[in-house]
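Trainee: Using the hints provided, position chain H relative to the given structure of chain L.
Take a look at the letters that make up each chain.
There are 2 protein chains.
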Amino acid sequence: MLTRRTPISVAEAQARMQAVPLKTATEVVPIEEANHRILAADVKASYAYPHFRRAGMDGYAIRAADDHDFPKAFKVLGEIQAGATWEQPLASGEAVRIMTGAYVPDDAAKVIRIEKTRAVDGDPHRVKIITGESKTNITETGTDVKQGETILARNQEINPGGLAVLRAFGIKKVTVYQQPRIAIIATGTELLNSTDPIAPGKIYNSNGIMLKNLVEETGGVVDFTTQLPDDAATIERVLKQQMANHEIVITDGGVSVGDFDYIGDSARQADQLLFNKIKQRPGSVTTAFVQDNTLVMALSGNPGACFTGFYLYMEPLIRRYQHQKTRLQHVRAILAAPYNKTNGFDRYLRCRYEIKDGHYLVYPNGINRSGSLANLQTTTCLALIPHSTTPMQVGTETDAWLLPFK
Amino acid sequence: MLTRRTPISVAEAQARMQAVPLKTATEVVPIEEANHRILAADVKASYAYPHFRRAGMDGYAIRAADDHDFPKAFKVLGEIQAGATWEQPLASGEAVRIMTGAYVPDDAAKVIRIEKTRAVDGDPHRVKIITGESKTNITETGTDVKQGETILARNQEINPGGLAVLRAFGIKKVTVYQQPRIAIIATGTELLNSTDPIAPGKIYNSNGIMLKNLVEETGGVVDFTTQLPDDAATIERVLKQQMANHEIVITDGGVSVGDFDYIGDSARQADQLLFNKIKQRPGSVTTAFVQDNTLVMALSGNPGACFTGFYLYMEPLIRRYQHQKTRLQHVRAILAAPYNKTNGFDRYLRCRYEIKDGHYLVYPNGINRSGSLANLQTTTCLALIPHSTTPMQVGTETDAWLLPFK
Chain L
1 MLTRRTPISV AEAQARMQAV PLKTATEVVP IEEANHRILA ADVKASYAYP HFRRAGMDGY
61 AIRAADDHDF PKAFKVLGEI QAGATWEQPL ASGEAVRIMT GAYVPDDAAK VIRIEKTRAV
121 DGDPHRVKII TGESKTNITE TGTDVKQGET ILARNQEINP GGLAVLRAFG IKKVTVYQQP
181 RIAIIATGTE LLNSTDPIAP GKIYNSNGIM LKNLVEETGG VVDFTTQLPD DAATIERVLK
241 QQMANHEIVI TDGGVSVGDF DYIGDSARQA DQLLFNKIKQ RPGSVTTAFV QDNTLVMALS
301 GNPGACFTGF YLYMEPLIRR YQHQKTRLQH VRAILAAPYN KTNGFDRYLR CRYEIKDGHY
361 LVYPNGINRS GSLANLQTTT CLALIPHSTT PMQVGTETDA WLLPFK
Chain H
1 MLTRRTPISV AEAQARMQAV PLKTATEVVP IEEANHRILA ADVKASYAYP HFRRAGMDGY
61 AIRAADDHDF PKAFKVLGEI QAGATWEQPL ASGEAVRIMT GAYVPDDAAK VIRIEKTRAV
121 DGDPHRVKII TGESKTNITE TGTDVKQGET ILARNQEINP GGLAVLRAFG IKKVTVYQQP
181 RIAIIATGTE LLNSTDPIAP GKIYNSNGIM LKNLVEETGG VVDFTTQLPD DAATIERVLK
241 QQMANHEIVI TDGGVSVGDF DYIGDSARQA DQLLFNKIKQ RPGSVTTAFV QDNTLVMALS
301 GNPGACFTGF YLYMEPLIRR YQHQKTRLQH VRAILAAPYN KTNGFDRYLR CRYEIKDGHY
361 LVYPNGINRS GSLANLQTTT CLALIPHSTT PMQVGTETDA WLLPFK
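In order, the protein sequence lines correspond to chains L and H.
Numbering-wise, the UniProt record's numbering puts 185 at position 185 of the first sequence, and it's gapless, one number per residue.
Numbering-wise, the UniProt record's numbering puts 364 at position 364 of the second sequence, and it's gapless, one number per residue.
Just chain L, with the same shape it has in the complex:
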């Protein structure tokens, strides 16, 4: 059956996606598993850092009152290795050998670097300090961080440097946003299993592995994938099952205007149809709807359209689920090689970019049909070819979006 659809702009479609409420939740994870997770709460310092007065250099710790009139000899009371403490009082004329990072005696005001000292007659209990120095070579308690200060802030993506900070404060677990769990359903009787031999009329499910990995590197968790033949009852049953236990379901295929528009049928019957036609190429049939608080994103089965649709609509959603902005970087760019096709809808052209003299130059990347996929590996940005009846001239400035993790 041929049903009419009302096309909306990409901006309007993105705004409708943005308006869908998401029930984000938090969870507690050990820091060993927290790299690149998003903090859901500020983390405060439970103690100052450093939490003891620390020697910045190898040398000899002395009192303030002795810090003048060098060279002179000192009695060496002992040695403080890193990791040790020292409780014995330090009198005038006395020094303690101290290692970098070690606990500085409370009485000491300065560490004279070992380079500024000499042994006295080979006596391990005596040292001569040759010259003084201006720096104390002591890192005072709390120099880096005061107790109670925020050490990592909410909504930051934890990175290896952040893990060092957490470990330094003895923090074992952090509260992070849950990652959205996403089901991916590919439809199409033409889809082979990956172990089947190639056959006429059939294709492999190339979108499935692409979407799974795109979701994962965007911060989502894919906990269900399947591929289904074009059978209305099967598609409806599996879609309902997955909607029942997912907040987000991605489908691909089954949204064309023909007889097998099964996902489109579900969309039209849904609580809220967000859109089922967008003024864009490729992927004008891209569809989204909400049913029982589950968002279903129905991407085109065409590889190029599926790829583009993911970046335009799903990437921002998965980021938002974890309180992040899209990582597609919007820039103004210059079309640097010819693209002659025109269209009544805006085209998101798969391109490569380079930066020259501070300008982003975009080059159409290989074949840009919606069904072509050879360029997906090497596409590093999407560039806008606005709808027009005349081709965009080389050298024209336009909008482009640099793709993350490419």
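I should point out that these hints are in silico values taken from the structure, not numbers from a laboratory.
Misleading hints may appear alongside valid ones.
Same chains, same label: a pair holds when it works inside one copy or across any pair of copies.
[Unchecked claim] Below, computed lysine-lysine pairings styled on DSBU-like, alpha-carbon distance capped at 30 Å:
{"no.": "1", "residue 1": "K212", "residue 2": "K202"}
{"no.": "2", "residue 1": "K277", "residue 2": "K116"}
{"no.": "3", "residue 1": "K110", "residue 2": "K279"}
{"no.": "4", "residue 1": "K356", "residue 2": "K406"}
{"no.": "5", "residue 1": "K325", "residue 2": "K356"}
{"no.": "6", "residue 1": "K173", "residue 2": "K135"}
{"no.": "7", "residue 1": "K202", "residue 2": "K240"}
{"no.": "8", "residue 1": "K146", "residue 2": "K23"}
{"no.": "9", "residue 1": "K325", "residue 2": "K406"}
{"no.": "10", "residue 1": "K128", "residue 2": "K116"}
{"no.": "11", "residue 1": "K212", "residue 2": "K406"}
{"no.": "12", "residue 1": "K240", "residue 2": "K277"}
{"no.": "13", "residue 1": "K72", "residue 2": "K325"}
{"no.": "14", "residue 1": "K212", "residue 2": "K240"}
{"no.": "15", "residue 1": "K341", "residue 2": "K110"}
Predicted, not measured: the structure shown is a model, and the values here were computed from it.
Mentor: Only chain H this time, still in chain L's reference frame:
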């Protein structure tokens, strides 16, 4: 014992690292595990893509000879769903209903979109084509890729788009470079275990978790980590064990000029001492040596110095192991906030950057002592403060390196 060291420039230290031969090897992995691995061989198309003539639209397939003088009625022979094939000859005046993505009959030269057709008296075996159209709506065999063409090239990092390409060609496994297996050994009697309570003079091993995650997100595999007290025999034993079965070992701590320079001792006795003093802050004691074909990178135990040393020396090495260039992006940048400290060595200042009007502006990030770590999470670039006796003025242009995955 106090031993003299000969300082070299950062560029010279990096050149010496670059000159170390690496025995890179390849391995075969299933494509399901290949995202972000580096291809070690070109991948060729074993068949053309598409591998059959494919309908680009839902509609009716007709012969070339019938493609004129519309409107006219056609006899409908049947329907070709996506995934099916069609062998029956197509005579003049005959059409076949066909779905997007389906196999086009060999006799057909065009697919007339369904929007251009009407039913005839409700008869499913007849259709009227109202108007013709210029496009064939058929994607010919090999339009996207010819058989034998390179579909992914050697030394590319596979991404989700690339996985789609591999799957489309039925490729189940790819040959990629082995990831370097790296052991990380932290030294220092001051190091607590992560489950110990904090104690005076002691610290947690913050470098350990940082280095492990930095190595992993750079493409290495960490298969051994430990932390050892400052005991010469223990350090020597564990270091030797790990050198015996690793091409790369990272240590941190134990390279200061003091009494506990155990790693430094191993360096001096090694087959090839690459360097043990670099004209840089922080981390001038950063040391590297090769022994029995194992490279040992001895980073400072100071968190800031350890962080900086990883990016300056280890990141390029791990990338090179997999035939990649460093992902630190070198830019010219402007110091946008005061930094008044001067030093006889070049300083790699931990900074944040922003791009304004096409310029990179760098801001010193918090406390830049070598022992400070509060800024490691939020540092997004390293900026060069060249050695000088006068502070670098705000507004001065300098070199900066944007950190990857930050």
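Trainee: Honestly, which of those hints from before does the structure not fit?
Mentor: 6, 8, 13
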